[in-house]
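S.K.: Sequence:
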Amino acid sequence: MDIWGITHRGVVREENQDAFAVRTLAEDKLLAVVCDGMGGARAGNIASTLAVETFLELFGQLWNDKQVASEQMLESAAAYANEVVHRRSATDEACFGMGTTMVVVLLDGERAVILNEGDSRAYHITQENITRVTRDHSLVEDLMLRGDLTPEQARTHPHKNLITRALGAEPDLHADLFVQEAKQGDFFLLCSDGLSNIVSDQEMLYEVIHGGPADECCQRLLDIALKRGAPDNVTVALIRC
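Mapping the sequence shown onto the working numbering, position 45 (from 1) lands on 45, and the numbers just tick up by one.
Be aware that a few hints might be false.
Unchecked claim - Derived SDA-like pairs: lysine to any residue, alpha-carbon spacing no greater than 25 Å straight-line:
1. Lys29 with Tyr80
2. Lys29 with Gln219
3. Lys183 with Trp63
4. Lys227 with Glu181
5. Lys66 with Ala90
6. Lys227 with Ala79
7. Lys29 with Ile130
8. Lys183 with Lys227
9. Lys227 with Val12
10. Lys66 with Asn45
11. Lys183 with Glu53
12. Lys66 with Thr126
13. Lys66 with Pro171
14. Lys29 with Arg13
15. Lys66 with Val12
16. Lys183 with Glu110
17. Lys227 with Glu15
18. Lys227 with Trp4
19. Lys66 with Gln219
20. Lys66 with Lys183
21. Lys29 with Val12
22. Lys66 with Asp2
23. Lys29 with Trp4
24. Lys183 with Met1
25. Lys29 with Glu216
26. Lys29 with Ala94
27. Lys66 with Gly97
Keep in mind the hints are simulated off the structure, nothing from the lab.
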């Protein structure tokens, strides 16, 4: 099992408000976290960095408790991160209204436990297919599910970046949790919308499976986004089972 990650501020933004972490926990257990912050001035950067750090803090404590299930570890650590970001947003004038997306994959042997809040995504990639595991918590995703928008219209919609949930926006966490089978040779890809808005799912599939060495895949995907103007921060993490 292997894990990689990369982040870049992109071509247009002056600051990178994404944050990520990748960890090898044991021979068959890996963890990846991607957050995409929002807020004025430096608040987005504070939100995403604080979320990653506090998530890892509690997760590390729970990891040593063999009685805690993987699902509970992710939910508890994300809830703690939500609490800390929300408190900072409410008490620090410079951070008022800040928040962040969060997507996490814990590869635990033959299964992957995935948590998300916002529109950062997790994909499950096999030799033949790419499947988006997470659902965006966004306006255009809701419109698409109601049948008011096609996927093609959603991709270019002027309000595609409006999210309906964010970590730290409310006192309580409302994240989604998924459990996915993980077979040998499978990949799990996490990314902020700075990648998914620019690079299609099929292009991700090609780069992961056919584009070249797996340890260079994150850089290849970033390069594609940069060549296309990368109007937002770009973050990608990749796990190989």
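S.K.: Holds or violated: are the alpha carbons of Lys66 and Lys183 at most 25 Å from each other?
M.R.: Between Lys66 and Lys183 the Cα gap is close to 24 Å, so the pair holds against 25 Å.
S.K.: Given the hinted pair Lys227 and Trp4, is their alpha-carbon gap at most 25 Å?
M.R.: Holds, at about 21 Å.
S.K.: Given the hinted pair Lys66 and Gly97, is their alpha-carbon gap at most 25 Å?
M.R.: 37 Å, violated
S.K.: Just to be careful, I want the Cα atoms of Lys66 and Val12 compared with a cutoff of 25 Å; is the pair within it?
M.R.: Violated, because 45 Å separates the two Cα atoms, which is more than 25 Å.
S.K.: Quick one, are Lys29 and Arg13 close enough, alpha carbons at most 25 Å?
M.R.: Measuring from Cα to Cα gives roughly 34 Å; hence the hint is violated.
S.K.: Within 25 Å, alpha carbon to alpha carbon, are Lys183 and Lys227?
M.R.: 33 Å, violated
S.K.: Checking one constraint from the list: CA of Lys183 to CA of Met1, max 25 Å. Satisfied?
M.R.: The given pair, whose Cα atoms are some 11 Å apart, holds under the 25 Å limit.
S.K.: Taking 25 Å as the top limit, are the C-alpha atoms of Lys66 and Asn45 close enough?
M.R.: 33 Å, violated
S.K.: Within a Cα-Cα threshold of 25 Å, do Lys66 and Pro171 meet the stated pairing?
M.R.: 28 Å, violated
S.K.: Hey, Lys29 versus Val12, does the alpha-carbon distance stay inside 25 Å?
M.R.: Measuring from Cα to Cα gives roughly 36 Å; hence the hint is violated.
S.K.: Please work out if Lys66 and Asp2 have their alpha carbons no farther apart than 25 Å.
M.R.: 23 Å, holds
S.K.: Has the given pair, Lys227 with Glu15, been kept, meaning a C-alpha gap of at most 25 Å?
M.R.: Holds, at roughly 18 Å.
The structure is inconsistent with the numbered hints 4, 5, 6, 8, 10, 11, 12, 13, 14, 15, 19, 21, 26 and 27, although it conforms to all the rest.
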